[in-house]
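Keeping their order, the protein sequence lines are chains C and B.
Here the first sequence is numbered in our numbering, starting from 1 and rising by one per residue.
Here the second sequence is numbered in our numbering, starting from 1 and rising by one per residue.
To be clear, the hints were calculated from the coordinates, so they are not data collected in a lab.
Any given hint could turn out to be false.
[Claimed, not checked] Each computed DSS-like pair below joins lysine-lysine, with the alpha-carbon atoms no more than 30 Å apart:
1. B/LYS24 - C/LYS75
2. B/LYS106 - C/LYS84
3. B/LYS33 - C/LYS4
4. B/LYS4 - C/LYS33
5. B/LYS39 - B/LYS75
6. B/LYS24 - C/LYS8
7. B/LYS106 - C/LYS106
8. B/LYS8 - C/LYS24
9. B/LYS4 - C/LYS106
10. C/LYS4 - B/LYS55
11. B/LYS39 - C/LYS24
12. C/LYS8 - B/LYS8
13. C/LYS39 - B/LYS8
14. B/LYS106 - C/LYS39
15. B/LYS4 - C/LYS8
16. B/LYS84 - C/LYS75
17. B/LYS4 - C/LYS39
18. B/LYS106 - C/LYS75
19. C/LYS39 - B/LYS84
20. C/LYS4 - B/LYS8
21. C/LYS8 - B/LYS106
22. B/LYS24 - C/LYS55
23. C/LYS75 - B/LYS75
24. B/LYS55 - C/LYS24
25. C/LYS33 - B/LYS75
26. B/LYS106 - C/LYS33
27. B/LYS33 - C/LYS55
28. C/LYS84 - B/LYS4
29. C/LYS75 - B/LYS55
30. B/LYS55 - C/LYS84
31. C/LYS106 - B/LYS75
32. B/LYS39 - C/LYS8
[To be verified] Chain B side only, calculated, beta carbon under 7 Å to chain C, not exhaustive:
33. PHE6
34. GLY9
35. THR10
36. LEU11
37. SER38
38. GLU41
39. LEU49
40. ILE52
Computed from a prediction, not measured in an experiment: that's the story for all the values here.
Here a beta-carbon is modelled for each residue, glycine too, at the ideal position from N, C-alpha and C.
There are 2 protein chains.
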Amino acid sequence: MKSKEFIKGTLKTIVLKLLSENEKMYGYEISRKVSELSKDEIQLTYGALYPILYKLESEGLLTTTSEIVDNRARKYYSLTDSGKTFAEEKVSQLQQFTETLMQVLKTGPNTMLNFEQ
Amino acid sequence: MKSKEFIKGTLKTIVLKLLSENEKMYGYEISRKVSELSKDEIQLTYGALYPILYKLESEGLLTTTSEIVDNRARKYYSLTDSGKTFAEEKVSQLQQFTETLMQVLKTGPNTMLNFEQ
DNA sequence: GTTATATATTTAATTTTCTTAAATATATAA
DNA sequence: TTATATATTTAAGAAAATTAAATATATAAC
Numbered sequence: 001m002k003s004k005e006f007i008k009g010t011l012k013t014i015v016l017k018l019l020s021e022n023e024k025m026y027g028y029e030i031s032r033k034v035s036e037l038s039k040d041e042i043q044l045t046y047g048a049l050y051p052i053l054y055k056l057e058s059e060g061l062l063t064t065t066s067e068i069v070d071n072r073a074r075k076y077y078s079l080t081d082s083g084k085t086f087a088e089e090k091v092s093q094l095q096q097f098t099e100t101l102m103q104v105l106k107t108g109p110n111t112m113l114n115f116e117q
Numbered sequence: 001m002k003s004k005e006f007i008k009g010t011l012k013t014i015v016l017k018l019l020s021e022n023e024k025m026y027g028y029e030i031s032r033k034v035s036e037l038s039k040d041e042i043q044l045t046y047g048a049l050y051p052i053l054y055k056l057e058s059e060g061l062l063t064t065t066s067e068i069v070d071n072r073a074r075k076y077y078s079l080t081d082s083g084k085t086f087a088e089e090k091v092s093q094l095q096q097f098t099e100t101l102m103q104v105l106k107t108g109p110n111t112m113l114n115f116e117q
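Please construct the entire structure, taking both the sequences and the accompanying hints into account.
As structure tokens, this is what we get:
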């Protein structure tokens with residue numbers, strides 16, 4: 001069982017990151033891309049993904065266009081201008097946070113205590 | 001406003017990490033230490049911290065001892081043997097996750113698309 | 001003296017976020 | 001005709017964290 005708990009809070013920013021790299025993407029594609037990039041370590045389930053997309057849309061950060069591809073409905077999501085700005089901010093903040101977290105996790109183990117015996 | 005959302009899911013592991021470096025710590029101390037190590041970027045509020053500690057205790061991963069210091073009650077938390085093993089696992093998993101996340105965030109921006117025009 | 005700040009723990013209501021699961025539907029390979 | 005892959009949506013429930021308040025002592029400032 002992969003450690004899913006750590007993803008919490010980062011999913012939205014990952015979605016924003018992918019959308020900032022592509023003119024338009026659809027839900028399934030986003031989910032696959034995350035699996036691919038993370039070598040299946042990070043999974044973006046639909047139950048998590050679609051609510052995120054709806055919320056970003058309701059906030060005016062992305063727009064949707066529907067297309068029929070191979071007879072199947074496909075809904076594309078694209079960042080708006082404010083969405084692009086927001087995405088840059090979030091990604092930058094997450095990178096910063098990640099570095100800080102690594103610092104916190106790096107200290108020790110038992111710094112300065114390895115001289116005993 | 002600092003990006004607090006990213007912390008979700010990582011708090012427990014941060015607590016475990018600190019406890020694995022110290023024989024015993026009390027709640028307030030843990031909270032302060034996280035602020036210090038992260039230069040105030042990560043905040044462990046009591047509403048988050050104490051429920052985490054209670055849960056770890058109920059799972060047998062840590063034990064508590066109460067002391068009176070300067071007339072004030074102070075409750076120390078220490079990892080049990082299984083707690084130490086668990087802490088190592090969690091920290092290692094979080095480090096792995098963090099590296100994966102950085103890889104995902106690193107790709108792009110707009111790889112291969114900067115030749116247009 | 002009393003006010004503010006720092007130390008210290010606990011608990012509860014609420015919100016956010018995610019998991020799990022199910023429903024719906026088409027295309028294609030076995 | 002069965003399984004697998006593609007594709008979206010929604011809802012119930014759980015988990016985790018936020019916010020806020022209650023309680024209590026010590027000490028520094030005014």
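Hints versus structure:
Only pairs whose Cα atoms come within 30 Å are accepted, and B/LYS24 paired with C/LYS75 is rejected, the gap being roughly 53 Å. Between the alpha carbons of B/LYS106 and C/LYS84 the distance comes to roughly 16 Å, so the proposed pair stays at or under 30 Å and holds. A distance of roughly 26 Å separates the Cα atoms of B/LYS33 and C/LYS4; the hinted pair therefore holds under the 30 Å criterion. For a cut-off of 30 Å, the pair hint linking B/LYS4 to C/LYS33 stands: about 26 Å separates their Cα positions.
Of the pairs offered as hints, the one joining B/LYS39 and B/LYS75 holds, with about 25 Å between alpha carbons and a cut-off of 30 Å not exceeded. Distance restraint check for B/LYS24 and C/LYS8: the Cα-Cα separation of roughly 29 Å lies within the 30 Å cut-off, and the hinted pair is therefore satisfied. Taking the CA atoms of B/LYS106 and C/LYS106, the gap is about 21 Å. The hint holds against a cut of 30 Å. With a C-alpha separation of about 29 Å, the suggested pairing of B/LYS8 with C/LYS24 holds against the 30 Å cut-off.
Annotation: proposed proximity of B/LYS4 to C/LYS106 holds, straight-line Cα distance about 21 Å (limit 30 Å). For the given pair, C/LYS4 sits about 19 Å from B/LYS55 by alpha-carbon distance, which is consistent with the 30 Å threshold. For the given pair, B/LYS39 sits about 38 Å from C/LYS24 by alpha-carbon distance, which is inconsistent with the 30 Å threshold. Taking the CA atoms of C/LYS8 and B/LYS8, the gap is about 5 Å. The hint holds against a cut of 30 Å.
Of the pairs offered as hints, the one joining C/LYS39 and B/LYS8 holds, with about 22 Å between alpha carbons and a cut-off of 30 Å not exceeded. The straight-line distance between the Cα atoms of B/LYS106 and C/LYS39 is roughly 15 Å, inside the 30 Å bound, and the hint therefore holds. With a C-alpha separation of about 11 Å, the suggested pair B/LYS4 and C/LYS8 falls inside the 30 Å cut-off, and the hint holds. Pair hint B/LYS84 plus C/LYS75 does not hold up; C-alpha atoms about 48 Å apart against a cutoff of 30 Å.
In summary, the hint linking B/LYS4 to C/LYS39 is supported, as the alpha carbons are separated by about 27 Å, within the 30 Å threshold. Straight-line distance between C-alpha atoms of B/LYS106 and C/LYS75 comes to about 26 Å, which keeps the hinted pair within the 30 Å bound. The suggested pairing of C/LYS39 with B/LYS84 holds, with an alpha-carbon distance near 29 Å, which does not exceed 30 Å. About 11 Å separates the Cα atoms of C/LYS4 and B/LYS8, which keeps this hinted pair within 30 Å; it holds.
With a C-alpha separation of about 19 Å, the suggested pairing of C/LYS8 with B/LYS106 holds against the 30 Å cut-off. With a CA separation close to 43 Å, the supplied pair B/LYS24 and C/LYS55 exceeds the 30 Å bound. Our distance criterion of 30 Å between C-alpha atoms is broken by C/LYS75 and B/LYS75, whose separation comes to about 54 Å. With a C-alpha separation of about 43 Å, the suggested pair B/LYS55 and C/LYS24 falls outside the 30 Å cut-off, and the hint is violated.
For a cut-off of 30 Å, the pair hint linking C/LYS33 to B/LYS75 is broken: about 47 Å separates their Cα positions. Our distance criterion of 30 Å between C-alpha atoms is met by B/LYS106 and C/LYS33, whose separation comes to about 14 Å. Straight-line distance between C-alpha atoms of B/LYS33 and C/LYS55 comes to about 35 Å, which puts the hinted pair past the 30 Å bound. As the CA atoms of C/LYS84 and B/LYS4 are separated by approximately 21 Å, the hinted pair is consistent with the 30 Å bound.
Distance restraint check for C/LYS75 and B/LYS55: the Cα-Cα separation of roughly 42 Å exceeds the 30 Å cut-off, and the hinted pair is therefore not satisfied. Straight-line distance between C-alpha atoms of B/LYS55 and C/LYS84 comes to about 40 Å, which puts the hinted pair past the 30 Å bound. Simply put, C/LYS106 and B/LYS75 have alpha-carbon atoms about 26 Å apart, close enough for the 30 Å limit, and the pair holds. Restraint check: the Cα-Cα separation between B/LYS39 and C/LYS8 comes to about 22 Å, which is no more than 30 Å; the hinted pair holds.
A least Cβ separation of about 4 Å between B/PHE6 and chain C falls short of the 7 Å threshold, and the interface hint therefore holds. Of the supplied interface hints, the one on B/GLY9 holds, with its beta-carbon coming within about 4 Å of a beta-carbon of chain C, less than 7 Å. The beta carbon of B/THR10 is positioned within 7 Å of a beta carbon in chain C (closest approach about 6 Å), and the interface hint is therefore held. Annotation: B/LEU11 was flagged as interfacial toward chain C, and the flag is violated, the nearest CB pair being 10 Å apart, outside 7 Å.
Because the closest C-beta pair between B/SER38 and chain C is about 5 Å apart, less than 7 Å, the hint holds. Because the beta carbon of B/GLU41 sits about 5 Å from the nearest beta carbon in chain C, less than 7 Å, this interface hint is met. Restraint check, B/LEU49 versus chain C: the minimum CB separation of about 15 Å is more than 7 Å; hint violated. At its closest, the beta carbon of B/ILE52 sits 12 Å from a beta carbon of chain C; the interface hint therefore is violated under the 7 Å criterion.
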